[in-house]
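Turn these sequences into a full structure, and let the hints steer you where they fit.
In order, the protein sequence lines correspond to chains D and S.
Here the working numbering is used: the first residue of the first sequence is 9, the next is one more, and so on.
Here the working numbering is used: the first residue of the second sequence is 530, the next is one more, and so on.
Calculated directly from the structure, the hints in this document are not laboratory data.
We put the CB at the ideal spot given by N, CA and C, even for glycine.
Check each hint, because a few of them may be wrong.
[Said to hold, decoys possible] Here are a few chain D residues that sit away from chain S, every Cβ distance over 10 Å (derived from the structure):
no.	residue
1	39
2	51
3	68
4	79
5	81
6	103
7	155
8	160
9	170
10	178
11	242
12	248
13	279
[Unchecked claim] Below are the BS3-like pairs computed for lysine-lysine, each with C-alpha atoms no more than 25 Å apart in a straight line:
no.	chain 1	residue 1	chain 2	residue 2
14	D	55	D	85
15	D	44	S	960
16	D	41	D	149
17	D	186	D	85
18	D	121	S	699
19	S	960	S	981
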Amino acid sequence: MNSRRIMISNRIFRLIHTNGTLWQATNKSLLAKLRKKTGYTFTNCKKALELHENNLEKAEQWLNEQAQNLGWSKAAKLQGRPTAQGLIAVIVNKAHGALVEINCETDFVARNKQFHKLTETVALAVLKYTTSLTGNDLVNKALLDSEALNALSAPDGKLLADHSALTIGSVGENLAIKRALCMSVQPGVTLAGYSHPASIHPASPALGRYGTLLALKGAENNELLPNQLCQHIIGMNPLKIGDPQVDQPMANIDDETTLIYQEYLLDPTLNVQQVLIDAQAQVLDFARFEMGEIIDTSQSLDSVETCG
Amino acid sequence: MTVLKNVCRMILNTKTVQFKLYTRQSYSLYNLQRLANLNNSVNSRFCSNKVKTEEPICNVGTLGHVDHGKTTLTAAITKVIAEEDKTCEYVSYDQIDKAPEEKARGITINIAHVGYRTKARRYAHTDCPGHADFIKNMISGASQMDGAILLVAATDGVMPQTREHLLLAKQVGVKYFVVFINKADVADQEVLELVEIETRELLCDFGFDGINIPVIYGSALLALRGDTSEYGVPSVKKLLDAIDTYIPTPTRDYTSPFLLPIDNAFSVPGRGTVVVGTIKRGIVKKNMDANLLGFDESINTTISDIHIFKKSVTEAVAGENVGVLLRGIKIDRIRKGMLVCKAKSMMASNHYEAQIYLLSSSEGGRHRPMRPTGYCQPLYSTTWNVLCRLDLMLPEGTNMLMPGEHVTTKLTLLRSMPMMEGQSFTIRENKCTVATGMVTKILPPINVDKRKLNKAILPDTQ
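Shown next, in the form of structure tokens:
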């Protein structure tokens, strides 16, 4: 901290002496101040000061007003660039839950606080939308695509598309709110969510590269089981729950994609069905998101490639 | 001697004389050759006892925001160098951008590598596209960074995610930075200075030497176009000079106690057992006391003789391939993968801390996650393999390691093996490589029941 202060004062001092005119020095320190305060790019801060004759307050106000437009123009410029990185957010509030995938270009941005904030905003908006859904089934599900998501409004009233554009403007990378899943359950059904890797801060929503929502009946007092089953779903990637009367287990247990016949992740000596029977519980539904997975297309060839 | 020297000069100067010499003075010529041979052998022996004069190599990486011109700068560097040094090749923007998909050792390397040479040394230049990608490649040993170029565009300044770039640098142990403020041609002087202050401050915040780090203003695009104004080609030259002088060359370690991993061993009738290998660090001298370590064994011995290319020498230094005669050791006690080190300088352990990367299924790895404890599979490193148990040190709340992720882990080997910090290894399961790793810490050996390695409960693990 100390070195920083000395550095700045040195700089300004030097500038006054070399440039001679006080006006420029003020101008420059104002520019530094404005940039530090708002975080907008140097080009824009400079423009703001020029437009408002070095009035700091007005310049800041103008920048904040312009931010949305600047974000949109940046977003338009970056549109079409691939977004292969990102995060999955999981949020559960009693009977309602949401899974959200948001993409960005590099995983540096995926680790950035501003991106986390956007993810949080989107997750909360989707959760709010979930509570407004009505349905009479034990478990109600709805999938939202990118278009529908962008048209949702955030808790502060702005559209999610606007929030996304604002973040694009500040981090300078293309972002995409890719998909979301809403799940709500009737009383008597437990709803659980889990993300992997688990968030370091026990914040809501949980952010990770994988996320899952699980609706479970029975085992109301068992706090561990829903969580562990969620981990199992992320790790073992089952494609369906399975019905013991209809489905048959696969010959090779390693290839099993039916949840109830899979080896239980936390205890390989049991299968999931045995675990559920022991706990007197029943899985009603589940959803699993993996960051960057290709949706609604046939399985790509390289995922079936085997090693020699 | 003077006659011979004159002859030599004549040979070099004129072909006609050379012809005459071949016919008339063939005897002297023969002598000359012998002399030259002798000189060569003297030289090579002399050199072997000194630090080798091979061209030093330095690994640099570019860090920075996607739009700030990392690829353009890399292209500009190769162009500027190629124009001065014809042995270097210009790598265009498109070539760097398209390079990514290359596969080596079963691991996809998503990092573009570009090589070039300055007057001082050779460079391996890496562009890192992401945090996870770089960590993965570092653990697998595919890339490393001795220093980094931090790229900031003057028009934008430091971006919010630059903190994450520096975090990566810190994590992989980069100590030296050179800052290149790009797009200087479209910003004015005062903005440039502000960007510089901002960058220096941020570097200080992360504990780097932000005050003394060289900062260069320039424009990669101008340099690529061959512009010779201040921010064009000269700025890239300035950058290269700064890299040459500010980032030190990694050197071989000649001061630590010597270490010689054994690649091969054979017995010489009448003399004893010779082990062959490349000296990893330090200097081996004749008559030194040494330990032979590995596979639960620690045997005392003495270096009776050292051979380099079939010639006996009194000492050999790191980087040299040597044969070493060990006193009083029977060949059947030596196994490939053991190591000779200076007496009492090192202890073999069965317990280590390491970073591992679990290969994703598209890289030929597992498609199921790894459980945190009790996973036992053979670990392969250098020329040996030993059964190993992994105990993952997962972040709190996480209970598994998914394919494609990396983690710090404890290794427990069935037999004590000497391993060094930074030594790489792989873990194989059913003839497939499922994980690669790098030792980060040597832990004191622990006692485990060898018949129940997978059931053992280790101290300090879940």
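Against the structure, the hints come out as follows:
Look at residue 39 of chain D: its CB is around 6 Å from the nearest CB on chain S, not clear of 10 Å, so calling it non-interface is violated. Listed as a non-interface residue, residue 51 of chain D fails to keep its Cβ farther than 10 Å from every Cβ of chain S; the least gap is roughly 5 Å. The Cβ of residue 68 of chain D sits about 16 Å from the closest Cβ of chain S, beyond the 10 Å cut-off, so the non-interface label holds. The beta carbon of residue 79 of chain D sits about 13 Å from the closest Cβ of chain S, which is more than 10 Å, so the claim that it is off the interface holds.
For residue 81 of chain D, the condition that its CB be more than 10 Å from all CB atoms of chain S holds, with the nearest at approximately 14 Å. With a minimum CB-CB distance of about 24 Å to chain S, residue 103 of chain D clears the 10 Å threshold, and the non-interface call stands. At roughly 26 Å, the least C-beta separation between residue 155 of chain D and chain S is larger than 10 Å, which holds for a residue marked as non-interface. Under the 10 Å C-beta cut-off, the non-interface status given to residue 160 of chain D relative to chain S holds; the minimum distance is some 25 Å.
Taking the minimum C-beta to C-beta distance to chain S, about 18 Å, the non-interface status of residue 170 of chain D holds against the 10 Å cut. Remark: the non-interface label on residue 178 of chain D conflicts with the geometry, its nearest Cβ contact in chain S lying 6 Å away (cut-off 10 Å). The beta carbon of residue 242 of chain D is not kept farther than 10 Å from every beta carbon of chain S, the shortest such distance being approximately 7 Å. At roughly 18 Å, the least C-beta separation between residue 248 of chain D and chain S is larger than 10 Å, which holds for a residue marked as non-interface.
The non-interface label for residue 279 of chain D is consistent with chain S: the shortest C-beta to C-beta separation is roughly 14 Å, beyond 10 Å. Taken as a hint, the residue 55 of chain D and residue 85 of chain D pair is honoured in the structure, with Cα atoms around 20 Å apart against an allowance of 25 Å. Between residue 44 of chain D and residue 960 of chain S the CA atoms are separated by roughly 55 Å; this puts the pair beyond 25 Å, and the hint is violated. As the CA atoms of residue 41 of chain D and residue 149 of chain D are separated by approximately 49 Å, the hinted pair breaks the 25 Å bound.
Of the supplied pair hints, the one linking residue 186 of chain D and residue 85 of chain D holds, its CA atoms being roughly 19 Å apart against a limit of 25 Å. With a C-alpha separation of about 19 Å, the suggested pairing of residue 121 of chain D with residue 699 of chain S holds against the 25 Å cut-off. Between residue 960 of chain S and residue 981 of chain S, the direct Cα distance comes to roughly 23 Å. Compliance with the 25 Å bound is thereby established for this hinted pair.
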